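Protein sequences, first through last, are from chains D and Y. All residue numbers for the first sequence refer to numbering that gives the first Met the number 0, where the first residue is 0 and numbers rise by one. All residue numbers for the second sequence refer to numbering that gives the first Met the number 0, where the first residue is 0 and numbers rise by one.
Each hint should be verified, as a subset may be incorrect.
[Stated by the list, open to error] Distance windows between CB atoms, simulated:
| # | chain 1 | residue 1 | chain 2 | residue 2 | range |
| --- | --- | --- | --- | --- | --- |
| 1 | D | Ile33 | Y | Gly284 | 58 to 68 Å |
| 2 | D | Trp526 | Y | Phe88 | 47 to 57 Å |
| 3 | D | Ile501 | Y | Lys255 | 48 to 58 Å |
| 4 | Y | Ser114 | D | Gly274 | 47 to 57 Å |
| 5 | Y | Leu49 | D | Ile28 | 26 to 36 Å |
Keep in mind the hints are simulated off the structure, nothing from the lab. For clarity, every value in this text was computed on a predicted model and none was experimentally measured. From the three backbone atoms N, C-alpha and C, an ideal C-beta is built for every residue, glycine too.
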Amino acid sequence: MFGRFTDPTAEAFSALQHEPIVLYTVLTIMVLGILVFTVITLCGWWGTLWRNWITTVDHKRIGIMYVVLALVMLVRGFADALMMRLHQAMALGNESAGYLPPDHYDQIFTAHGVIMIFFMATPLLFGLFNYILPLQIGARDVAFPFLNNLGFWITFAGAVLINISLGVGNFGRVGWLAYPPLSELSGSPDTGVDYYLWSLQLSGIATTISAINFVATIIKMRVSGMTMMKLPVFCWTALVANVLILMIYPVLTVALALLIGDRYLGMHFFTNDGGGNPMVWINYVWIFGHPEVYVLVLPAFGILSEVVPTFSSKCLFGYTSMIWAILVILVLSFLVWAHHFFTMGGGISVNTFFSVATMVIAVPTGVKIFNWLFTMYKGRIRLEPPMLWCMGMIFTFVGGGLTGVMLSIAPADWQFHNSLFLVAHFHHTIIGGVVFAYLAGLVYWFPKAFGIKLNRALGIASFWCWFIGFYFSFFPLYILGLMGATRRLQHYIEPSWQPYFIIAMIGALIIALGILFTVLQLLLVVWYGIKHKGRLPVRENDPWGDTRTLEWSISSPPPPYNFAILPSVTTLDAYWHMKTEGTQCKPTRFSRIHMPSNTSAGFWVGILALILGFALVWHIWWLVAFSFIGVISVIILHSFIGDHCGYYLSAMEVQKTEDAFTAAYLKAGGKEI
Amino acid sequence: MENLKKVLGILSVLTLMSLLSGCDVAVLSPTGLVAKAQRDLIIISLILMLCIVIPIMFAVIFFAIKYHASKKDTEYLPDWGISHKVEFFMWSIPICVVSILAMLSAYFTYKYEPSKPLDYAVATDNNPLRINAVALEWKWLFIYPEYGIATINEIYAPTGRQVALQLTAQDTINAFWVPKLGSVLYAMPQMNAKLHLLSEENGRFPGMSANYSGDGFAGMHFTWHSVSNGDFDNWVSRVRRSGNQLNYVTYLELTKKSKSNPVTYFSGVDRDLYYRVVNRCVAEGSKCNEELMRLAAARSLWGELCSVFDVRESIAPVNIRE
Ligand code: HEM
Ligand SMILES: [Cu+2]
């Protein structure tokens, strides 16, 4: 009846009983949850929440929900990081040094890695895609609005499932890529790896669904005149990233399914005995894992290619070079996966091939850096927060690239492999490259979504904290790596390492300040929202000035239908040209606009998928059957009796919305068009 | 900008300090032949890359100051977006640097391929010392097939003599790493990986597992003692005096999980123990993988054509000398 809950070795509630840290965290989350619940109930917001958010198919609202999810997960993942940093700063000695036993420490780095990659970076990425992409290509929505909603709720289910492992059972202690045989039943008999497997399966399905949607959107929904070579670079990177997703996530899904076969059905794909071979898994996950880092970093490049020209008041240097560089990366990123195991004994030819291929990929990446530099060259640079993040990104990312090339030299990697040098390298590129760029994008497009900019002073403070904190927390790791410290160490015996771990901890605390400032920025906006009772006034379209792409030609926040009249495009940087050539047209006659209707199907699928995942982890088979049938039935019901006709916004309503925008535009000092 | 300069200053001082404090930084102050080559490679690649990276870092800051919007008199080219000259350099500079590094990488990959004996030893016609290492949960078992002895968590090897290691694991994947000597290599169940190392100086070098393998992973230390030939012989006889025997039964005892194990000596080792560990047939009544593969191959045409059964030749126990 209760599956593994009745099995004492699964330790369903032992963490809550024996580890005060876990207990207090869970209690805090519960108190916060109850608080939010009461506030919503008292204010009577459930209706709006349901109509405007949970069941919405509007890409802008879904985008915001993705970003909120990602930011919450960032806090969770960062809390893990901080705990590791505090622990390692005092973990000199033996196993009882520090405050975390190995059993707990090992869960933390696994959870940190998985959450940061799959539930922080990926949702943040999809949040930005969702909000910006349709606006940049002049579309009224994505190609498949329902899939978009479905994708979000399945991601949400995955994120909730992985966080349930905090209190109920435990999480995997296997590292973020769960190498077997450690992740097999023989190495991890409890629920940890099962949580890992099912939450990643959910996230994988959701990511694939959303990727299909965006590829279709970019290919089919571009506004007339926007040929591929007039597509903004951010859209190009989004296209390539989504194509990559479609190629690699199936590999992950299959690999996970095979491991699930091993763990649930007694198969032997990756076991030591019975004909299994763990090396196969290692190849699968890296065939997925390496392109995955490009999935994350390419859109980061795209964001820079939008922000740097805006704040340099100049067009992007070498657009064509840029596009070719992106396409070259698309192809090459599939030819380098074995650089993650140069130390497996692949032999001379394998190691040489993958070493050289990896270096070759550094070329198009380097080219992009030059593109941004020459974009700044002879421009008029304004050091607003988004530009600061971008400059921080360029400055830091080249450093990460430097150590990346060092790691790609196979014989040198034989000394770096799995050391803290490696950990420092990938955080150098992930924080310096991905996080800085995403935050640049967030700050840059924030006024588009909410009408007001994030507080500037707090933004600058946040940037400097992240930037300085980053160097403090990861430079010591390079040195530690060269001193012979490996990753994933619960304790160490060399006293000379400790000072470096302490510096790294201080760095992490500085980053914590940076995150705090970002939270404050957002709280200010929440305050602004409360002041306006949730109905944000429409503001001018182009708050940064000198923007270049179509999303800036419509009001902030944009109306539900985005473009009252679809623009027509003749050049790259369409909006810039409209402004300089004065071809911006002010429509006066509107026609009705077709809108898709909301649906609750995505939400129910998400909830049922969450129950399904939970039941699978705990082997509650009747619940598995129930929720699986539930998921299928909701989809079938949605297809047959769901409302697919949508509805029309009348010309009158469109007129009213557009008039409000015109008024705001004029009030902000805009010229009469 | 001021903050930035300060941070840079502090960081460079820190880096320099640690680099200069020398012997602490194992990878940069190696004692092994392989690690020395790797150190050179690391430093060369670092310098080459810095040649590109430092100008870029500098340029970002410089452009931001020089072309700041407040400076109205600097040149402003809002529509300058194409220049074939610049683009030529933009592609060719990275290509040049990468080509040099690629050649270096290929050469060193070839020269220091871990499974190949080191040139050095071949030249001096030095018979390598053979050590078979088994990664257990969570300790290292080192078997000296030529001497019929074994240890837990301790290696002794004569300085200047090439050591030919073979690595495998019992349960989870580990990696063998002695930073002062060079080259990590995975120790994987069912696999037999070969690694050649050589120390040019006497000393005690910390070694560890470089691949996370579960709860006791952080405690998987061992020490590599590089000593003179005489000291090595003394050590061998010291190990021989131990009363412990390593046979199938005691080996299976060892495979039980245990953490932070003390150094232990075994004066006798079953001759085909390592072969059986790799082939997963230590337990009584189990069939060896090689045997299973032979059986499977015999039943298929492909098996006959493709099978490569040179395993036994390469890792079968050699005759115990002396
Ligand atoms: C914000 C500051 C961050 C800090 C202070 C931090 C700190 C750490 C630490 C201490 C570890 C463990 C290193 C070890 O194994 O010894 C780690 C691992 C890792 N981090 Fe972060 N991290 C941060 C941000 C991120 C971000 C943004 C991502 C990805 C988007 C990320 C991805 C990872 C991954 C994949 C691992 C490897 C986990 C594993 O060993 O399986 N981290 N990080
Ligand atoms: Cu990779």
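Do the hints match the structure? See the list:
Against the hinted window of 58 to 68 Å, the Cβ-Cβ separation of D:Ile33 and Y:Gly284 comes to about 59 Å, which satisfies the hint. In this structure, D:Trp526 and Y:Phe88 meet the distance hint of 47 to 57 Å, their C-beta atoms being roughly 50 Å apart. One distance hint, 48 to 58 Å for the beta-carbon pair D:Ile501 and Y:Lys255, is violated here, with the actual separation near 37 Å. A C-beta distance of roughly 25 Å is found between Y:Ser114 and D:Gly274, which places it outside the suggested range of 47 to 57 Å.
At roughly 46 Å, the beta-carbon separation of Y:Leu49 and D:Ile28 lies outside the given 26 to 36 Å, and the hint is violated.
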